[in-house]
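Chemist: What follows is the residue order along each chain.
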Amino acid sequence: MRNILTLATKELRSFFVSPIAYILIAVFALVFGIFFAVSVENFIRFFLARGQMGGNMPMDHHEMLLRPLLGTISTISLFLIPMITMRLFAEEKRSGTIELLLTSPIHDYEIVLGKWLAAMVLYGSLLVISLFDFAILLFMSTPEWKPILAGYLGLLLQGGAMISLGAFLSSTTRNQIVAVAVTFFASLSLWVAEAVSVFNTAAWARGVGYLSILAHFEPFARGLIQSKDVIFFVTFTFFWLFLTVRSLESLRWRA
Amino acid sequence: MIDVQNLSKRYGGFTAVDDISFRVEPGRIVGFLGPNGAGKTTTMRVLTCFLPPSRGTVKIAGFDVLETPMEVKRRVGYLPETPPLYPDMAVEGYLRFVGEIKEVPKAELEDRVERAMKRCAVLDVRGKLIAKLSKGYRQRVGLAQALLHDPEVLILDEPTSGLDPKQILETRDLIRELAGEHTIILSTHILPEVEQTCEEVVIINKGKVVATDSVENLRNRLRGGEAALVEIGFGGQTPTADTVRAVLAGAHGASNVVLREQRGGRLLFEVESAPNANLRPALAATIVGNGWELYEMKSLAYSLEEVFLQVTRGDSAETDEALLEAPAEDLDAGAEGDNTEPEVQA
Numbered sequence: 000m001r002n003i004l005t006l007a008t009k010e011l012r013s014f015f016v017s018p019i020a021y022i023l024i025a026v027f028a029l030v031f032g033i034f035f036a037v038s039v040e041n042f043i044r045f046f047l048a049r050g051q052m053g054g055n056m057p058m059d060h061h062e063m064l065l066r067p068l069l070g071t072i073s074t075i076s077l078f079l080i081p082m083i084t085m086r087l088f089a090e091e092k093r094s095g096t097i098e099l100l101l102t103s104p105i106h107d108y109e110i111v112l113g114k115w116l117a118a119m120v121l122y123g124s125l126l127v128i129s130l131f132d133f134a135i136l137l138f139m140s141t142p143e144w145k146p147i148l149a150g151y152l153g154l155l156l157q158g159g160a161m162i163s164l165g166a167f168l169s170s171t172t173r174n175q176i177v178a179v180a181v182t183f184f185a186s187l188s189l190w191v192a193e194a195v196s197v198f199n200t201a202a203w204a205r206g207v208g209y210l211s212i213l214a215h216f217e218p219f220a221r222g223l224i225q226s227k228d229v230i231f232f233v234t235f236t237f238f239w240l241f242l243t244v245r246s247l248e249s250l251r252w253r254a
Numbered sequence: 000m001i002d003v004q005n006l007s008k009r010y011g012g013f014t015a016v017d018d019i020s021f022r023v024e025p026g027r028i029v030g031f032l033g034p035n036g037a038g039k040t041t042t043m044r045v046l047t048c049f050l051p052p053s054r055g056t057v058k059i060a061g062f063d064v065l066e067t068p069m070e071v072k073r074r075v076g077y078l079p080e081t082p083p084l085y086p087d088m089a090v091e092g093y094l095r096f097v098g099e100i101k102e103v104p105k106a107e108l109e110d111r112v113e114r115a116m117k118r119c120a121v122l123d124v125r126g127k128l129i130a131k132l133s134k135g136y137r138q139r140v141g142l143a144q145a146l147l148h149d150p151e152v153l154i155l156d157e158p159t160s161g162l163d164p165k166q167i168l169e170t171r172d173l174i175r176e177l178a179g180e181h182t183i184i185l186s187t188h189i190l191p192e193v194e195q196t197c198e199e200v201v202i203i204n205k206g207k208v209v210a211t212d213s214v215e216n217l218r219n220r221l222r223g224g225e226a227a228l229v230e231i232g233f234g235g236q237t238p239t240a241d242t243v244r245a246v247l248a249g250a251h252g253a254s255n256v257v258l259r260e261q262r263g264g265r266l267l268f269e270v271e272s273a274p275n276a277n278l279r280p281a282l283a284a285t286i287v288g289n290g291w292e293l294y295e296m297k298s299l300a301y302s303l304e305e306v307f308l309q310v311t312r313g314d315s316a317e318t319d320e321a322l323l324e325a326p327a328e329d330l331d332a333g334a335e336g337d338n339t340e341p342e343v344q345a
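Sequence order for the protein chains is F and W. Here numbering that gives the first Met the number 0 is used: position 223 in the first sequence is 222, and no number is missing along the way. Here numbering that gives the first Met the number 0 is used: position 265 in the second sequence is 264, and no number is missing along the way.
Since the hints were made in silico from the structure, they are not lab data.
Here are the simulated SDA-like pairs of lysine to any residue, each with C-alpha atoms no more than 25 Å apart in a straight line:
(1) W:Lys58 - F:Asp107
(2) F:Lys92 - W:Ser133
(3) W:Lys127 - F:Val16
(4) W:Lys58 - F:Leu100
(5) W:Lys105 - F:Ser13
(6) W:Lys131 - F:Val16
(7) W:Lys131 - F:Gly95
(8) W:Lys105 - F:Leu116
(9) W:Lys105 - F:Asp107
(10) F:Lys92 - W:Arg74
(11) W:Lys131 - F:Arg173
(12) W:Lys297 - W:Ala227
(13) F:Lys92 - F:Phe237
(14) F:Lys145 - F:Ile43
(15) W:Lys131 - F:Gln175
(16) W:Lys131 - F:Leu11
(17) F:Lys92 - W:Ser53
(18) W:Lys117 - W:Ala89
(19) W:Lys297 - W:Asn216
Work out the full structure: start from the sequences and follow the hints.
Modeler: Below is the structure:
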């Protein structure tokens with residue numbers, strides 16, 4: 000455990016001494032900020048327009064504003080996570096520092112978990128930025144906090160899954176560009192996987208649809224914590240973390 | 000301390016290390032010598048548990064690298080060919096990180112880092128980013144990293160590469176100093192380095208051990224006899240060089256006489272002896288007996304460089320001519336090492 004924390008701290012340090020963490024945070028803050036402002040503005044316009052038309056149906060804050068916004072975070076993170084994970088192992092392999100880690104009295108899984116944890120913390124700090132945006136809503140209304148909490152749980156689970164996939168892909172190459180490109184492509188595939196199963200109900204299509212990250216995130220955005228989604232993300236995470244450990248091991252055999 | 004038995008390492012179809020065996024006693028410094036691509040780095044990587052052996056057993060301090068890698072890793076400090084440094088870390092922070100993953104107790108960490116920095120003379124750059132360090136400093140930070148946790152065994156892959164002559168001497172001194180408390184294996188292709196730092200040599204070529212012995216013995220064994228350089232003057236008339244050569248060849252134990260130089264009225268000869276002959280007294284007696292003047296006589300020992308070439312070439316000349324390129328390259332490197340020496344002394 001001590002080793003995992005040591006490695007995570009070292010990894011996190013290098014995120015924050017290089018510009019990468021700041022670029023990611025800035026890009027995320029900007030992109031989500033714009034989405035947030037536009038959504039809130041649209042929501043208010045819609046609200047006023049309806050008032051003028053004399054409608055008096057109850058408005059659902061969460062369904063109309065928060066849920067799409069949580070979905071937006073989920074989509075943005077699909078594109079930002081490859082940039083978090085690309086250097087995790089590729090850089091160590093390129094510079095030869097992997098030799099230090101693999102000849103130190105630490106287990107391979109500790110290396111993998113340390114790096115995964117560091118990436119999670121960076122990802123978490125992106126999410127914290129989005130919390131500032133949501134906090135603004137507190138001045139205007141009293142949003143339901145429980146579904147938001149469920150949404151953030153979903154975001155963390157989804158991020159953990161994507162980071163473990165990215166970590167694995169990073170461990171297969173010594174080139175960060177390759178790592179980021181392949182992870183990005185994998186993210187895209189998992190993103191569009193859902194589309195396949197929308198109209199096609201064949202078993203394979205449903206199988207592909209099951210892999211859709213967004214489909215499993217959607218219930219969380221609605222404030223729904225379902226064990227099947229939690230299990231999906233947790234399994235997904237462990238599967239790729241396990242493969243990352245094996246990939247590190249294979250480094251010894253292939254070198 | 001280090002026990003390698005029938006170690007082989009294959010990458011796919013390529014055999015990098017082929018059935019090598021050697022032992023290193025505690026506290027010794029062993030030089031690993033061989034042309035580039037001979038399997039030095041591969042062997043070291045197996046010793047440090049970075050690579051598993053394809054066949055054979057490797058034990059360090061009694062622990063097998065395959066069965067108890069953690070125990071082995073705890074006892075080994077390793078400096079790879081390129082020092083494993085994080086450019087975005089400061090020297091001190093980097094060493095502290097290494098100390099933590101090498102299981103240095105928290106209470107001792109500061110002290111160990113301090114000591115390692117002092118030993119490797121990097122105290123003056125302790126706060127600097129590694130990215131900003133010169134090659135020499137990086138190499139020394141790498142060395143500090145290897146000995147930080149006070150390992151029983153130090154494995155150094157070309158520890159002096161990239162250093163300037165002064166740093167090379169300092170590093171060699173440091174390594175010699177470390178022997179005794181640590182068992183050290185270092186690889187190099189700079190031959191004088193082995194002669195100066197190591198007690199034993201393992202010469203490997205094409206993945207095989209071609210010679211293992213102490214530096215002294217190896218030189219003598221391959222040498223067979225000895226050679227002497229004599230400078231002879233002639234009071235009155237100078238005889239022809241051929242006459243003198245014939246007389247010298249008649250001295251007891253002389254086997255081969257070559258005229259090296261003609262210097263004014265004096266002649267310089269290199270005389271080789273038959274194995275186990277006591278050449279020099281006989282040579283002196285012959286010269287003086289003929290009424291000539293002996294100006295200088297000095298013993299010529301084979302340098303390890305010649306031994307190395309003899310071993311690596313003789314072994315493979317008939318079978319693989321392409322290999323000759325490799326030792327030739329190393330000769331250059333050795334010569335380079337030679338050149339740096341006088342500069343330092345001057």
